[in-house]
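*Asks:* Residue numbers (numbering that gives the first Met the number 0), protein chains in the order written: chain R, 0 to 180; chain A, 0 to 118.
Simulated from the structure, these hints should not be mistaken for laboratory data. Misleading hints may appear alongside valid ones.
[As the list claims (entries may be wrong)] A partial selection of chain A residues facing chain R, derived with a Cβ cut-off under 7 Å:
hint	residue
1	L11
2	A16
3	P27
4	G30
5	N36
6	G50
7	T51
8	K79
9	C95
10	E110
Remember, it's a predicted structure, so these values are computed and weren't measured experimentally. For every residue, glycine included, the Cβ atom is placed at its ideal position computed from N, Cα and C.
So you can see what is in the structure, the chains are spelled out below.
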Amino acid sequence: MSEKNTKTVIRIFWAWNHGKEERWLSRMARDGWHLAAPRGIYYRFEKGTPADVVYRLDYQNPKKADRKEYLNLFGDAGWDHVGEFANWQYFRTAAGDGPSPEIHTDPESRMAMYRRVLGLLTVIFIAVWVPAITSIGRPQPSGTFWVIVRLSQGILMILWIYAIIRLGLRIREIRQGRTGR
Amino acid sequence: MSELEDQARNALPLTEATYYVLISLVEPRHGYGIMQNVTALSENKVRIGPGTLYGALPNLFKQGLIERAGEQETEGERRKVYALTKLGRSVVLLECERLETLARIGRQAAEKLREERKE
């Protein structure tokens with residue numbers, strides 16, 4: 000009778016929708032599943048005592064010299080660093096009685112965070128997709144395999160553009176003060 | 000008008016978070032010290048989250064408003080201490096004056112409106 004005390008769950012979240020991800024992680028904690036390692040779409044959980052925990056994500060890539068300072072700042076403010084994946088930093092803290100504590104407390108820093116994500120997506124887009132677009136019309140290898148490759152490239156590119164647009168809209172929403180988080 | 004003051008004027012107006020961070024640094028403090036001080040100064044009304052503070056500090060460095068002032072060791076961890084630069088001091092002074100002026104002018108208007116309401 001060995002009860003499993005770790006499990007891995009696969010879930011996909013959009014970058015502008017990390018609030019949903021945070022709430023999901025809190026629900027898992029309430030069921031006693033505490034995030035042990037975020038690995039992109041793979042989330043490893045460990046079984047523990049059910050707890051009311053607030054999760055928050057920051058998008059930040061502190062340089063080596065700054066890393067300690069960064070983590071100390073969060074640690075001092077009562078946040079545990081759970082892990083990171085691709086510059087997404089996962090923090091958690093015990094839920095208090097008041098409203099959920101925030102790691103970003105003004106619209107400027109919320110916008111700055113989305114701009115960092117948007118910046119990376121745009122750079123990759125230019126580096127990877129612009130060459131791909133310019134190759135349209137040139138002679139292409141034929142066959143089912145290449146059709147599938149091009150089709151999945153196309154779908155990925157549409158998703159990419161969608162993500163860029165949504166992030167841009169999110170930034171605009173915050174600038175116009177229409178949303179708190 | 001001095002060149003420093005001109006430069007300081009360019010940094011205005013400050014965002015609320017920046018304002019609180021800068022007035023906290025009238026005395027050198029480390030990051031957590033800033034967050035605690037803001038909470039205390041604002042009587043718990045304003046909080047600066049660590050994500051916001053970490054994002055704000057490099058900007059203030061870039062603008063030349065703050066500088067490193069050594070390190071402080073607490074609980075075996077060394078923490079960077081920040082202080083206002085000369086320019087930073089000018090900015091705080093000018094911003095406080097600006098806000099005082101705004102508040103004074105606003106008060107006159109508010110009194111007039113209150114009287115209108117009474118009538």
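*Asks:* Hint by hint, note whether the structure agrees.
*Replies:* Here is what the structure says about each hint:
The interface hint given for L11/A is broken, as the beta carbon of that residue sits about 15 Å from the closest beta carbon of chain R, more than 7 Å. Checking A16/A against chain R: minimum C-beta separation of about 4 Å stays under 7 Å; hint holds. The beta carbon of P27/A comes no nearer than 15 Å to any beta carbon in chain R, farther than 7 Å, and the hint placing it at the interface is violated. For G30/A, the shortest C-beta to C-beta distance to chain R is roughly 5 Å, which falls under 7 Å, so the interface hint holds.
A hinted interface residue such as N36/A counts as satisfied when its beta carbon comes closer than 7 Å to some beta carbon of chain R; here the least separation is about 13 Å, so the hint is violated. For G50/A, the interface hint holds, the least distance from its beta-carbon to any beta-carbon of chain R being 4 Å, beneath 7 Å. Given the 7 Å rule on beta carbons, the hint for T51/A holds: about 4 Å separates it from the nearest Cβ of chain R. For K79/A, the interface hint holds, since its Cβ comes within 7 Å of a Cβ in chain R; the closest pair sits about 6 Å apart.
The criterion of a C-beta within 7 Å of any C-beta in chain R is not met by C95/A, whose closest approach is roughly 20 Å, and the hint is violated. Using the Cβ-Cβ criterion of 7 Å, the hint placing E110/A at the interface with chain R is not satisfied: the shortest such distance is roughly 29 Å.
Checked against the numbered hints given earlier, this structure breaks hints 1, 3, 5, 9, 10; the rest are met.
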